[in-house]
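With chain A held as given, fit chain B onto it using these hints.
Now for the letters of each chain:
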Amino acid sequence: MSKLRIPEHYLPGIELLLGLQPEKAEVLSSLMDQISPCITLDEILSYLSDKVTNLDRQNLSKILEFLLSTNDLRVADDSDQSDLVLKISEAIIEKKLTSNQEFQNIDFVQNRLTQFLGDAGELSFISKFRLVYEEHQKVFSPCASGLVYAGSPNISQSDLLELEFYRRAENWKYETSSLSSITKKMRHQDYLKIIEMGVDVLPFILRSLMKEPDHWFVALKSITNEDPISYGASFQDAVNGWLAWGRERDLI
Amino acid sequence: MSGDLVHLELRYRSLTQNYYRKTSERTPDYNCIAYVAGDFQKPWWPVPYQAPYFWPIDNVEEDESIKEFIEAFSFLGYECCSDSDFEPDFQKIVIFIDEEGFPSHMAKQLPNGYWSSKCGDLEDIEHDLNSLIGGASMGYGQVAQFMKKRIA
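Note that the protein sequences, when read in sequence, are chains A and B. Quick note, the first sequence lines up with residues 1 to 252 if you use this note's numbering. Quick note, the second sequence lines up with residues 1001 to 1152 if you use this note's numbering.
If we strip away everything but chain A, and leave its shape as in the complex, we get (with noise of 0.2 angstroms):
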């Protein structure tokens, strides 16, 4: 594997995170913990910005462009939670940010970041707060400003429809999630995007069906053609048989 290379603009939030009181940090963590994921860039900002004192707006949003630009390194690579923080800390530390000798200690640096970025399964901050990573990229292009591979990332076909499917379906969550018209919902138009998607994101549908339950039922039986659930079913018995569905397919 390639080493991770952080471009010049992120290092001001670097180092504000690797300079935040212990005790801010993990204000600073734990709200965002409690916060939904449903909800955007700007809310987040104005939302922490109130409540973590002396951490200005700008700042803030300093630190949350570095930790958000962590998401390219999902889909460049296959290593785990721990090792990927051990990356970025070991590109960090390679940049020399400053004369504190805590931002040289590669234990520092790599609790710091398990604190903001989560220590299970992927970089669970972004996962949570993906909406707002699909906001900060209207204004950074991803590929120029994210954190990057000095070789080339192995990025493939199915890797770029998989990161489209999860983009449209937090879209279509956060934009829905507190609508009662079921159709409403079905006519979202990432709802609509993700169904033209067609058999190819059948998996991605039904891996997330099984991690959270949502109204994916409409989707699938316009992309199958078929319906395993017979009118009258409860939702969990919907979610289990279109479930039953994909494993007697092997498509999960």
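None of these hints come from the bench; they were simulated from the model. For clarity, every value in this text was computed on a predicted model and none was experimentally measured. Misleading hints may appear alongside valid ones.
Only pairs whose alpha carbons sit at most 25 angstroms apart, straight line, appear in this in silico BS3-like list of lysine-lysine [claimed, not checked]:
#1 B/1108 <-> A/184
#2 A/211 <-> A/221
#3 A/211 <-> A/184
#4 B/1067 <-> B/1149
#5 B/1022 <-> A/51
#6 B/1067 <-> A/184
#7 A/221 <-> A/193
#8 A/62 <-> A/3
#9 B/1149 <-> B/1108
Facing chain B, from chain A, some residues (calculated, C-beta under 7 angstroms) [claimed, not checked]:
#10 178
#11 182
#12 213
#13 231
#14 233
#15 238
For each residue, glycine too, the CB sits at the ideal point set by N, CA and C.
Using the frame of chain A, we list chain B on its own:
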């Protein structure tokens, strides 16, 4: 005044100006219509025979008019009434409509006079009726119809 559900308050800003409190965790298992009808297993909506979405009366054609909702809850024993005043012998419910006049939400009255709502796939809340009123990002829209059913 607010009940500290930031994601809900950001969508329905009337919540920030009125009383509400969370009464359940979020779940997509049922929606507000099912909740008002007492079904916690499946969402209710007048989509033609698409499981797990349920509708208590025949709906071979898609009809999301308020008339369809009134008809469905009349089938469940409710009758239209004119106000939200608490009446101990009756269960009162309310239908909200959006800017285009289509049903957008339902809530039911609690014995303490407050109202109870399931907010889409999100949490159940106890609230003032005003907490969810308003268009755009304020609430679910306007109150269109109260209904009641004798329970005692």
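| If you take the shortest Cβ to Cβ gap from residue 238 of chain A to chain B, is it below 7 angstroms? | Hint on residue 238 of chain A: holds, closest Cβ of chain B at ~4 angstroms, below 7 angstroms.
| task | Answer holds if the nearest beta-carbon of chain B is closer than 7 angstroms to that of residue 231 of chain A; otherwise answer violated. | result | Because about 5 angstroms separates residue 231 of chain A from the closest Cβ in chain B, which is inside the 7 angstroms limit, the hint holds.
| query | Taking only the CA atoms, is the gap from residue 1067 of chain B to residue 184 of chain A under or equal to 25 angstroms? | reply | holds (19 angstroms)
| query | Keeping to a limit of 25 angstroms between CA atoms, is the pair of residue 1067 of chain B and residue 1149 of chain B held or broken? | reply | holds (18 angstroms)
| Taken at face value, is the distance from the CA of residue 184 of chain A to the CA of residue 211 of chain A at most 25 angstroms? | OK: residue 211 of chain A and residue 184 of chain A at ~23 angstroms, within 25 angstroms.
| Pair hint outcome, residue 1149 of chain B versus residue 1108 of chain B [Cα-Cα no greater than 25 angstroms] | holds (11 angstroms)
| Within a Cα-Cα threshold of 25 angstroms, do residue 221 of chain A and residue 193 of chain A meet the stated pairing? | holds (15 angstroms)
| message | Hint check: residue 1022 of chain B vs residue 51 of chain A, CA-CA at most 25 angstroms. Holds or violated? | response | At roughly 21 angstroms apart (the allowed maximum being 25 angstroms), residue 51 of chain A and residue 1022 of chain B satisfy the hint.
| Given pair status - residue 3 of chain A, residue 62 of chain A, alpha carbons within 25 angstroms | holds (23 angstroms)
| field | Restraint outcome when residue 233 of chain A is required to lie within 7 angstroms of chain B by C-beta distance | value | holds (5 angstroms)
| task | Identify whether the interface hint at residue 178 of chain A stands, where standing means a beta carbon of chain B within less than 7 angstroms of its own. | result | This hint holds: residue 178 of chain A lies near chain B, its Cβ roughly 4 angstroms from the closest one there, short of 7 angstroms.
| field | Cut-off 7 angstroms, beta-carbon criterion: hint that residue 213 of chain A touches chain B | value | holds (6 angstroms)
Figure legend: structure checked against the earlier numbered hints; every hint is met.
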